[in-house]
Amino acid sequence: MLRFIVRRLLQLIPILLGLSVLLFAWLRALPGGPAQAALGERATPEDIARYNELFGLDEPLVVQYLRFLGRAVRLDFGTSARTGRSVTTEFFERMPGTIELTLFAMVFAIGLGIPLGYLAARRHGSWVDSTSVIASLLGVAIPVFFLAYLLRLGFAVELGWLPGSGRQDVRMNATRITNFYVLDGLLTREWDAAWDAVKHLLLPAIALGTIPLAIIVRITRASVLDVVNEDYVRTANAKGLATATVRRRHIIRNALLPVSTTIGLQTGLLLSGAVLTESVFAFGGVGSAIYEAIGARDFAVLQGFILILAVVYVLVNLLVDISYGLLDPRVRVR
Amino acid sequence: MSSGSSSISAPPVGLGNQPVLEVTDLAVRFTRRGEADTRAVDGVSFSVAPGETIGLVGESGCGKSVTSLAVMGLLPKRNVQVSGSVRLDGQELVGADAETLRGLRGADMAMVFQDPLSSLNPTVPIGTQVTEVLLEHRDMTRKEAVDEAARLLDRVGIPDPLRRLKEYPHQLSGGMRQRALIAMALSCSPRLLIADEPTTALDVTIQAQILELLRELVVDSGTALVMITHDLGVVAGLCDRVHVMYAGKIIETADRHELFARPRQPYTGGLLASVPRLDSPRGAPLTPIRGSARDTIAWADGCAFAPRCDSAQDDCLTEVAGSTVELVPDGPRRELRCRHPIEYPPAPAGATAPGAAR
Amino acid sequence: MTAMGDVKRRRIDELAARAGAVPEGEGGVSLTRSAFRRLRRDPVAIIGAVIVITFLVVAAFAPFLAPRDPLAQTLLSEIRPGNIPGAREGFPLGVDNLGRDILSRLIWGSRQSLMIGVVSTVLGVVVGMAFGVLAGAFGGWVDTVVMRFIDIVLSIPSLLMAISISVLLGQNQYALMIAIAVTQVPIFARLLRGSMLAQRNSDYALAAQALGVKKSRIVFGHVLPNSLSPVIVQATLSLATAIIEAAALSFLGLGDPDLARPEWGAMLANAQAFLSIRPELAVYPALCIIVVALGFTLLGESLREALDPKFRR
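Chains as they are written, first to last, in our numbering: chain A, 1 to 334; chain B, 1 to 358; chain C, 1 to 313.
It should be emphasised that the hints constitute simulated quantities derived from the structure, not laboratory data.
Watch out, some of these pointers could steer you wrong.
[What the hints assert, rightly or not] Between beta-carbon pairs, the in silico distance windows are: (1) Gly291/B / Trp127/A: 40 to 46 angstroms; (2) Leu211/C / Gly291/B: 54 to 60 angstroms; (3) Asp89/B / Leu103/A: 55 to 61 angstroms.
[As the list claims (entries may be wrong)] With a cut-off of at most 25 angstroms between alpha-carbon atoms, the simulated SDA-like pairs for lysine to any residue come out as follows: (4) Lys199/A / Ser276/C; (5) Lys77/B / Thr131/A; (6) Lys77/B / Arg330/A; (7) Lys143/B / Leu202/A; (8) Lys77/B / Thr245/A; (9) Lys77/B / Lys199/A; (10) Lys77/B / His124/A; (11) Lys143/B / Asn237/A; (12) Lys166/B / Lys199/A; (13) Lys143/B / Asp184/A; (14) Lys166/B / Tyr118/A; (15) Lys166/B / Val233/A; (16) Lys143/B / Ala244/A.
[Unchecked claim] Far from chain A by the CB rule (all over 12 angstroms, computed), these chain B residues: (17) Gly84; (18) Ala110; (19) Leu162.
Predicted, not measured: the structure shown is a model, and the values here were computed from it.
Ideal Cβ positions, reconstructed from N, Cα and C, are used throughout, including at glycine.
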């Protein structure tokens, strides 16, 4: 198992290097180049020339790349042209919100998706089944930001049940420790602050979790349908095991293998979706920051954020791979 | 539950012996919406006594596996109609509620399947897969169950059982997997054991070992054994009585010696003729049955085997007097479903037939 | 046939037909034909096909179907901040904030939206397949290099990838198509490579090799054609994703800025600002996107089932 993990970690190195090359090249290829990225769109040609000299941008590309890599390893991605602050600082300020949001979305998608998919498979051909199949097809076809707008319009604007923007009511004046607002509320025992943060999370999490939910329902359903027809389930029934044992040990355990792989891939979808959802709900996480950066052509922020998010995505998939190894003994020995 | 060790030589002939399993007029119909019903099994009757081994023989698709699944109550509930009667020690199983059947399965009747790899759960250690039966049906603590599981693995000839208990199916060889499955099936000393092509997926050398193991176990415990197979070699080595099935019906029933010596149904004859044997009648070439099991007609229209049968006559293709070709007594302890069976010159009674041993 | 004459032979055939058995000679139907036959009987496929064909027809005949000029601004006198006139005589779905007829814009928009979907998917398929064939046909270090590159591209979440390409290329419809295509490339490359590797090690490929068939002939004559069905399925599903992704990019302000080309994504993005006044403005283009995406998805899913030999009966 340890060898398996070490090997996967080693495989990360070329991917991370490749990513850095890609994003280095990206910034270089932008119209105006890195100088404009740093100084903003209104920079004069003189400004740009001065900047290029100052930061060694007339040196060979390899030297420049190595310098970029050196800074990237130290998590230094320059400063935002819009706010003048360090890109890394901005990222880590905003990341907790996005993590909270994606976690809530994932809990929503998994918590609802796996039971629903299982139920649909066990009632194969019934109305429960057809409804969940149709709903999951629809879930994939709806543009995330449109769904987010609908939820916001319905539950926040019209009905007023839940807040429609932000991460917490500013009047809360809550104490900040980790910038995870829900966690902060729990840590400081400011229960109302925690609850308010949760309420702010609900609508965006549902919007963001809908596509993963639809996919998880479909994969779980298909996987359970496959497993139910496996010989070993027949063996388990031939052994006269209790229905609950057959379900837990023989059906669900095996059916969850493909589902767990999917959950890893959903992370990419969630990070993509977070850009859209957070923009709609003015959520103030990493996604909103990317949206704002696109509008302001703040390239340093885009470069840094995309690079860090890609690394996060790669790491999450590594974790999923490892947990897959724990679930399936056949992978471990290979 | 052991009925004492009966001797190997004389298989118990169910006379004073109450049969363990009695199947009467079993029929299984698959009903799918928008499609015509399929009769997978049609009016099948047979019985097995303690310590007796019977064979259900036929090509794939003839209904032998469906029969065994119907006996075990393992057919899906939807789109399947089971009728007739299946009695295990006198208890009716057709129409019995799911809980009753579940209590009997694994405890009083057990089954061994064809493909040992796919029949074992790949993500659960062998040990758990054995102990779960014991914990379900026998009043044991986890510790006792583990000890008993090790004893069972040892009994079916798996060396170093305590280590094997912790291993996963993919770490075992094919023969070991089948032994493990047999251990699971035997863990509660069932009265009835159904083995569905237990050796088909194994190497030839392993096949013989597994068959020998099954034979020993039956003899030791007096379990009634139903062997489902298309392999006449298996039948010759193991079965006391043989039922040949074709297109969902039994077409010939006889004791093993009789069947091998004088097959009456042309299909049985064909099966025997297509197997190379050292003691073939002189001049008989190795002849395959032509066509495939798909070239069939409905039993209601005559004999389902007629399209492939070399002895078929006009009347094989018509319903005579509104009835299909019936299964009728054909001498002592024999039954036959054929209008133009293979004829033999009268043989001296009691003569031992050749081909009994492989 | 010793005991039976022609008459009996015919009788057997007749009875066999009644029993539902397949007479010999008709058993071997080609995969494509049998897949097509199953598609025609599958209600899901029919619904998907009807949706897709309807929208294709609408797109093709947009100039004849659209009741008005999609660019003409009308009813301007009635448009004020906070008020956009609703449906009325001559404007069955009303007008947008600039007084342009919604129905006509939706009809014309189907052209641009389908175009973006199709072009970007075709681009993604072609480039992705080129990579996949390269990796799958040569194997060895070529495979390693290509797949590592694909892994790197795949490690950037798709929308972020599309955003960076879009920002790089500036805002025009071609940038939009390329941005979406780039996110599809790794999918097709991996799919084709995996499928080809599986086929390359299959018994028939080994048999051809044993018969001395040239390697290039095996790859392009046998392996590649047999590896295509997952690609076809994925391409159909990708058409849906591409159209949705185009809408997302429009929403982020990275869409086609040319106002002369109405497009659903841009209409939807534009309508968000008026959601509280006239939510229908967003609902109509969103519905078009959802229905088309659903159509492609249904078609793709039923294709998957039809082409999968596991489902053949």
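Okay, the hints, checked on the actual structure:
1. Gly291/B / Trp127/A: 40 to 46 angstroms: 45 angstroms, holds
2. Leu211/C / Gly291/B: 54 to 60 angstroms: 30 angstroms, violated
3. Asp89/B / Leu103/A: 55 to 61 angstroms: About 57 angstroms separates the Cβ atoms of Asp89/B and Leu103/A, which means 55 to 61 angstroms holds.
4. Lys199/A / Ser276/C: 22 angstroms, holds
5. Lys77/B / Thr131/A: 23 angstroms, holds
6. Lys77/B / Arg330/A: Not satisfied, since the Cα-Cα distance of roughly 33 angstroms exceeds 25 angstroms.
7. Lys143/B / Leu202/A: Cα-Cα ~48 angstroms, so violated.
8. Lys77/B / Thr245/A: 20 angstroms, holds
9. Lys77/B / Lys199/A: 46 angstroms, violated
10. Lys77/B / His124/A: Judged against 25 angstroms, a Cα distance of about 12 angstroms means the pair holds.
11. Lys143/B / Asn237/A: Holds, at roughly 24 angstroms.
12. Lys166/B / Lys199/A: Distance of about 48 angstroms is beyond 25 angstroms: violated.
13. Lys143/B / Asp184/A: 47 angstroms, violated
14. Lys166/B / Tyr118/A: 29 angstroms, violated
15. Lys166/B / Val233/A: Within the cut-off at roughly 20 angstroms; holds.
16. Lys143/B / Ala244/A: 22 angstroms, holds
17. Gly84: Gly84/B clear of chain A: closest Cβ-Cβ about 21 angstroms, beyond 12 angstroms.
18. Ala110: Given that some Cβ of chain A is not farther than 12 angstroms from that of Ala110/B, nearest at about 7 angstroms, it is violated.
19. Leu162: 18 angstroms, holds
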